[in-house]
Amino acid sequence: MESKLSVNHLLGIKDLNASDIELIFTTADNFKEVINRPIKKVPSLRDITISNLFFESSTRTRLSFELAEKRLSADVINFSASGSSVSKGETLIDTVNNILAMKVDMVVMRHPNPGAAVFLSKHIKARIVNAGDGTNEHPTQALLDAYSIREKFGKVKGKKVVIVGDIMHSRVALSNIFCLQKLGAEIMVCGPTTLMPKYISQLGVKVEHNLKKALEWCDIANMLRIQLERQDIRYFPSLREYIMLYGVNKQLLDSLSKRITIMHPGPINRGVEITSDVADSAQSIILEQVENGVAVRMAVLYLLAGAKN
Amino acid sequence: MKELADKNIFGITLQRLAYQLIEEHDDFSDSALIGLQPRGIYLARRIRGILSAILKKDIQLGELDTTFYRDDFRHHEQPIIPSATNVDFLIENKKVILVDDVLYTGRTIRAGLDALLAFGRPSKVELLVLVDRRYSRQVPVEPDYVGIAVDTIVSQKVKVSWKETDGEDGIVMISNKDKHI
Numbered sequence: 005m006e007s008k009l010s011v012n013h014l015l016g017i018k019d020l021n022a023s024d025i026e027l028i029f030t031t032a033d034n035f036k037e038v039i040n041r042p043i044k045k046v047p048s049l050r051d052i053t054i055s056n057l058f059f060e061s062s063t064r065t066r067l068s069f070e071l072a073e074k075r076l077s078a079d080v081i082n083f084s085a086s087g088s089s090v091s092k093g094e095t096l097i098d099t100v101n102n103i104l105a106m107k108v109d110m111v112v113m114r115h116p117n118p119g120a121a122v123f124l125s126k127h128i129k130a131r132i133v134n135a136g137d138g139t140n141e142h143p144t145q146a147l148l149d150a151y152s153i154r155e156k157f158g159k160v161k162g163k164k165v166v167i168v169g170d171i172m173h174s175r176v177a178l179s180n181i182f183c184l185q186k187l188g189a190e191i192m193v194c195g196p197t198t199l200m201p202k203y204i205s206q207l208g209v210k211v212e213h214n215l216k217k218a219l220e221w222c223d224i225a226n227m228l229r230i231q232l233e234r235q236d237i238r239y240f241p242s243l244r245e246y247i248m249l250y251g252v253n254k255q256l257l258d259s260l261s262k263r264i265t266i267m268h269p270g271p272i273n274r275g276v277e278i279t280s281d282v283a284d285s286a287q288s289i290i291l292e293q294v295e296n297g298v299a300v301r302m303a304v305l306y307l308l309a310g311a312k313n
Numbered sequence: 002m003k004e005l006a007d008k009n010i011f012g013i014t015l016q017r018l019a020y021q022l023i024e025e026h027d028d029f030s031d032s033a034l035i036g037l038q039p040r041g042i043y044l045a046r047r048i049r050g051i052l053s054a055i056l057k058k059d060i061q062l063g064e065l066d067t068t069f070y071r072d073d074f075r076h077h078e079q080p081i082i083p084s085a086t087n088v089d090f091l092i093e094n095k096k097v098i099l100v101d102d103v104l105y106t107g108r109t110i111r112a113g114l115d116a117l118l119a120f121g122r123p124s125k126v127e128l129l130v131l132v133d134r135r136y137s138r139q140v141p142v143e144p145d146y147v148g149i150a151v152d153t154i155v156s157q158k159v160k161v162s163w164k165e166t167d168g169e170d171g172i173v174m175i176s177n178k179d180k181h182i
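Read top to bottom, the protein sequences are chains A and B. Take any residue in the first sequence, count from 1 to its spot, add 4: that is its number in my numbering. Take any residue in the second sequence, count from 1 to its spot, add 1: that is its number in my numbering.
The shape of chain B in the complex, shown without the other chains (with noise of 0.2 angstroms):
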């Protein structure tokens, strides 16, 4: 098991995400957050904290979650459970930045973006990731901003803690001989 980010880069760098997003995003009048279920929406919940406290304003966040809309209907011995779906707000004409924790393949964006179509036509869409897992991309998905960048092989997972569910906020990459810790 190796260390991506301690609870204090962890902090620094979700600090540099929100700064990022108010570069682009100014006091947010036009923008939403959006987090995919299921653990995106710590990440989202968090960001939307600090914008909240630096703009001193409410910012929209909304929680989508993508299983009606995956590609993998039918793969799997059982069928998937979805998590709740919480956008009590209009996409309409918004930018909209959807939020994950981990990107990987691609293909949770890609639902993502199917399942975003249902509450309106966004004028745009960016994407927001803690952990961008590099050259492992199924789908041409590239994320607008990225917390970390790591090179993995598929036999590794990435896991992010959050202190809201695990106890401390963190990053680490399992390798599949840790498997049994």
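Just chain A, with the same shape it has in the complex (with noise of 0.2 angstroms):
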């Protein structure tokens, strides 16, 4: 196996092959086994600076990725955009290469805009990781489910995962569509028409709009929050009606013919796309997932770091 992964930077999934992804994993197994013990702390990242650049909000993704950079006892500067120079009318570039200036190696950057990161990749010297850039790639939490997957089941490659609810708006979507399909998963997704980009099923990826029968076909359902910040106009009738067809409750769990796994990114809108039962039920691996979240952000953090400059 290759010890060091294809890429500088972790922009998307999309630019990852199947061997930086099985690399991505053994590493985090290691950090899983650290983050366990009594002292849960390695001095690896000492002499690195680490900023987290949030132009959007997060509450998940940002304290796991702090945590992941505290652990590998790297230096950690936070920054939100509100209360920042960002509201005063400075442009991404500006601020980014100010904080650099203050010697800073490595940015994990959420921004509303698709391709930000990319954009900040060819314009600055630190390694990014992309923490979510729009409704384009959220790599992380592609990974981190894609490794509870494989903790859970062994493999990933021959399962069957479907991806439920606001395909259109939501990144964790297309990264975990492109992330499974490198690990030999079979994808299905199901929602609502409207809901759905048009050209999907070019990915390679089925599309159901029966969510009983979707359930029915998978090993383990994906289900993701309405993205109501991201959609500029109604794209169902009701909430109500959305619920009705497209939420998943204990009833429709428990009359499908196998146990299937639940799984969820987070945050998540009880009552809307799962009902509280299913969510804390013995079918759901969503709180496994966030453990492993910081497992597999410190060993993407210690493998783009970890080469000589």
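The set of hints was computed from the structure by calculation and includes no laboratory data. Keep in mind that this is a model prediction, so the values were computed, not measured. Note that CB positions come from ideal geometry on N, CA and C, so glycine has one too. It cannot be assumed that every hint is accurate.
[Claimed, not checked] Per label pair, the in silico range of CB-to-CB distance: (1) Leu91(B) x Lys156(A): 48 to 58 angstroms; (2) Glu165(B) x Lys202(A): 18 to 28 angstroms; (3) Asn117(A) x His76(B): 33 to 43 angstroms; (4) Pro116(A) x Asp59(B): 50 to 60 angstroms; (5) Arg108(B) x Pro42(A): 18 to 28 angstroms.
Put the two chains together into one complex; each comes in its own frame, and the hints tell you how they fit.
Below, the structure written as structure tokens:
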């Protein structure tokens, strides 16, 4: 196996190959052991400074990255767009270059515009990790989702995964499709026609509009949140109708002919895409996903920072 | 290439190391072996086997990877890929014997001492090595138990083979000019 990633930045899953993903997973296995020790910190990144730039709100991803960085002993500086000079009219490159002038080695960035991470990687010298760029990609989320599937089932290859909900506005959906396909899983997307991108089937995924049929087909269902903040118009008549057609409740889960695994990237809108009794059931691996997120992000940061400049 | 130990000497050396450990650690009730990844674990497993046979009891054994504690992070073209760590007991107040195959610069042991502290505070730490390459230390680390001691120069390498992975036990010294072998 290669001991180096084929990329210098993690901008999207699209740029990775299957052996990159395997390398991240085997490295994450070691970090998962580290974060379960009595002392959860290792000194690997002690001379590295990482800046977390969040131009869009985030709880899990920001905390997970920050924890991963601290567990690796990196120095961390946090930035969020609200209350910063961005609101005074500073451009992205100026903001980032000013931060880099303070000798920062890596940038973890979330931004509302698709392609922001790629743009940044072409203009600045630091290593970039994309923590979500608009509706484009959210690579570390896809990696931790696939890692959680690998952990639960032993492998990803041959597993049937359905992604349910707002496919059109979800960067998690796109990154998951790329990641799981590279690892040999079968993917289906399920949701209302209006929330399905027009050319989605060109990505080689199955499309299904009936939730029950989709759940009968799959081994794993990844439930997405309706991204109301990205919806400029109304895509379905009412939330109540959406819940009736695309919400998973315990009754529906129990009516299936097999036991499927439920995943959710968070934040959950309880009672919308899944009910509380599903989110908290033994079939859900939502909290395992969160734990694995730290290990996977540690692996990504370690592998990107680890080679000589 | 020069043979430093054939499989007979190799076996006798391991036996001697095991008896030396028993002299110091008695019945091993407060002691544990920790093999350093990647190659020290074979030695640690073998020593544990011999100790268990003599003492007729299970000896605690952990496997420790030092990658995340090394001082040469970012000094290589590629990141250093870790091996598994498996220490499923607390080392708090235990006498720990770190086990590695070859002691050379001492830097791995320094990292190992750091890594060890993530699992508690041992009452004592000792070092057991199969081969001590003398006069080549870059940090002040010395072994407590030595299989064989050899004098080498930088261009030479010492290679330990294990029957588990290489087919036969043995120790050889390879000089730069034999590199084509």
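Do the hints match the structure? See the list:
1. A hinted range of 48 to 58 angstroms for the beta carbons of Leu91(B) and Lys156(A) is inconsistent with their spacing of about 29 angstroms.
2. Taking 18 to 28 angstroms as the suggested C-beta distance range, the pair Glu165(B) and Lys202(A) does not conform, at roughly 58 angstroms.
3. The given range of 33 to 43 angstroms is respected by Asn117(A) and His76(B), whose C-beta atoms sit roughly 37 angstroms from each other.
4. At roughly 58 angstroms, the beta carbons of Pro116(A) and Asp59(B) sit within the given window of 50 to 60 angstroms.
5. About 25 angstroms separates the C-beta atoms of Arg108(B) and Pro42(A), a value consistent with the hinted range of 18 to 28 angstroms.
Hint check: violations occur at hints 1, 2; the rest are consistent with the structure.
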